[in-house]
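Participant: So you can see what is in the structure, the chains are spelled out below.
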Amino acid sequence: MTLDQTIEAVLFAAAKPFPIKRLAEVTQTQAPDVEAALKVLAERLDSSQSAIMLQKNGHEYELVTRPDAADAVALVVTEEAQGELSRAALEALTILAYRGPMTRAELEQIRGVHSSIILRNLMLRGLIEQKEEDRLGQPVFAVTFEFLNHLGVKGVEELPEYSDLRGHAVITDMLAQLEVATTKTEVPAAEVAPTEKIEKPQE
Amino acid sequence: MAVTFKIEHFEGPLDLLLQLVEQEQLDISQVSLAKVADQFVVHMQATPNIPLEEMADFLVVAAKLVYMKSKLLMPDTFEAELDEGPDLETQLRMYREFVKVSRKIDSLWRSKLRSYARTKRIVRQQEVKFAPPPEVTQDLLRETMNRIVLRLTPLLKLPKAALERVVSVQEKIKLLFTHVREKARMTFASFVGRSASKTEAVACFLALLELVKQRFVRCSQSELFDDIDIENHPEPPASDPFAESFI
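Keeping their order, the protein sequence lines are chains A and B. The numbering of the first sequence is the working numbering, which starts it at 255 and goes up by one. The numbering of the second sequence is the working numbering, which starts it at 970 and goes up by one.
Rather than coming from a laboratory, the hints here were simulated on the basis of the structure. Hints should not be assumed to be uniformly reliable.
[Claimed, not checked] DSBU-like, lysine-lysine: derived pairs with alpha carbons at most 35 Å apart:
1) B:1040 - B:1004
2) A:275 - B:1081
3) B:1098 - A:385
4) B:1069 - A:310
5) A:385 - A:275
6) B:1081 - A:270
7) B:1040 - A:275
8) B:1073 - A:310
9) B:1033 - A:408
10) B:1073 - A:293
11) B:1167 - B:1143
12) A:310 - B:1081
13) B:1098 - A:270
14) B:1069 - A:293
15) B:1033 - B:1081
16) A:275 - A:293
17) A:385 - B:1004
18) A:270 - B:1069
19) A:275 - B:1073
20) A:385 - B:1073
21) B:1069 - A:385
22) A:408 - B:1069
23) A:385 - B:1081
24) A:408 - B:1081
25) B:1073 - A:270
26) A:293 - B:1081
Please model the complete structure; the sequences and the hints are all you need to start from.
Facilitator: Structural data, given as C-alpha cells:
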C-alpha cells in the first residue's frame, strides 16, 4: 500500500482534521513525505471523479464531500444552521481567509476599526479559531474547516482572486510597518507599572 | 458645504469613508479624501450610537483627513517626518479590495453547495469530571499563566502627553463674531490681545478665516505683516455662523 493510500485510510477513519505532523507519526514517515503523498492523494481524488475531496486548512487536512453532492448529503447529516453573515462578519472572515493566520492588531490595521467583538462572535459560531502559535506575543486567528466546508472549497487557495490578495505588496508592506511599530515600542512587562497615574489635563 | 448624501449604515470609519468617496464617484486620492473630510465629520457627529472603542478609530481617521486637507492647502509647511505610518489613501485602497472580494465570498456562502466532513458518533455518555490531558503539569500551567499575563501588556505603548487647555476655534468664532457685530470694526491685534499663547493666536486666526469664508466679516491689510482690519460684511448671509464649521 502506498503512503497516499494509507493516509487516505487514516483520514477516512479518523473523521476529523489531521495535521501533517500527526500523519507523519501515524504512518512512521517524515513530514515532507506526507506532504508529497497528500498532493498525490488530492490529485487522485480529483482525477478519478470521486465525490470525496481533500480539504486543506493551514497544516491540517480532512476528507470532505464535494459541494455538488450537497443536496443529498444534507438530507442525512445534521448540521447547525449558520444563517447569514453580517457585513462586519463577512469583512473579517474575508480578511482572515486571505491573509490569515493573523493577529487582532493586523486585522484591525486592515479594517481600521476595533475588532475584538467580531472576532469573539465568529469564534462562537465556529467560523474562526485561535491558533496555538503566537506572533509578537499575540494570539493569531484563522478560518476553520467549518468555514471552508460552508463555502465548499478545498482550501483558501480556491477563493476568488486568492493569489492577488494574498501576495498584494501593499498589504504586506502595511502589515510589516505595523510589525516595526510594534517591536520598536515593545516594552518588557516589568516596566508597565499598574499604579501609573493618568496625567490630568491642566486647567 | 451642505451634506447632500445620506449614508444609511456603515461599519467602521473606513467603510464610511469608502461610501462617501464612491457616492461622489471619485477615485481614491489625496484630493478626493480631503474633499469628503467635512462630510466624514458631519456623518460621524450625526451618528449617536458609535461605541466608544470605535469612536477612537473614527477620530483617528477624521484627524488624518483634516491633516490631509490642511496639507493640500499649505503644502510647504509640513515636514516629512510627520507622515509616519501607512497613509490613509493606501489603507482605503486595500480595504476596498477586501470589500469587493467579500461580496464574492458572500455569494459562495449563500449558495447551497457545500462540503460535509464525517462526524464521529458519540458512543457512550462520559462521566462529567475535571479531566486534564495527561501532559498537563504544574510547570505547564504556570508557564501558560505567565504567557497570558504577558499578552495583557499593551501591544503599542502609547506616548504620554499632558493635555494643555486648548481654546477651541468654535469659541473664538463666537467671540469674534459678537465683537465685530458690536463694534462694527476692530483690528486683529486687539482681538488676539497681548497675553495670548501661540495656539490661541492660531485659533483666533482660524476663526477669522472661517468668518471671512462664510462672508460674515471682511478684512483688509495695508501691507505684509501689518495689522489686519476687520469689519462687518455689508451683506452678511442669513445663516448661523456657528452651524457649519466643525473645527
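Participant: State for each hint whether it applies.
Facilitator: Results of checking the hints against the structure:
1. B:1040 - B:1004: At roughly 12 Å apart (the allowed maximum being 35 Å), residue 1004 of chain B and residue 1040 of chain B satisfy the hint.
2. A:275 - B:1081: 33 Å, holds
3. B:1098 - A:385: 26 Å, holds
4. B:1069 - A:310: 25 Å, holds
5. A:385 - A:275: 16 Å, holds
6. B:1081 - A:270: With a Cα-Cα distance of about 22 Å, the restraint between residue 1081 of chain B and residue 270 of chain A holds, given a limit of 35 Å.
7. B:1040 - A:275: Given that 35 Å is the threshold and the Cα spacing comes to 54 Å, the pair is violated.
8. B:1073 - A:310: 20 Å, holds
9. B:1033 - A:408: 41 Å, violated
10. B:1073 - A:293: 27 Å, holds
11. B:1167 - B:1143: Between residue 1167 of chain B and residue 1143 of chain B the Cα gap is close to 19 Å, so the pair holds against 35 Å.
12. A:310 - B:1081: 21 Å, holds
13. B:1098 - A:270: 24 Å, holds
14. B:1069 - A:293: 31 Å, holds
15. B:1033 - B:1081: Not satisfied, since the Cα-Cα distance of roughly 43 Å exceeds 35 Å.
16. A:275 - A:293: 15 Å, holds
17. A:385 - B:1004: Status violated; Cα separation ~42 Å.
18. A:270 - B:1069: 33 Å, holds
19. A:275 - B:1073: 33 Å, holds
20. A:385 - B:1073: 26 Å, holds
21. B:1069 - A:385: Since the Cα atoms of residue 1069 of chain B and residue 385 of chain A sit roughly 27 Å apart, the hinted pair holds (cutoff 35 Å).
22. A:408 - B:1069: 22 Å, holds
23. A:385 - B:1081: 29 Å, holds
24. A:408 - B:1081: Since the Cα atoms of residue 408 of chain A and residue 1081 of chain B sit roughly 16 Å apart, the hinted pair holds (cutoff 35 Å).
25. B:1073 - A:270: Given that 35 Å is the threshold and the Cα spacing comes to 28 Å, the pair holds.
26. A:293 - B:1081: It holds: about 28 Å lies between the C-alpha atoms, which stays within 35 Å.
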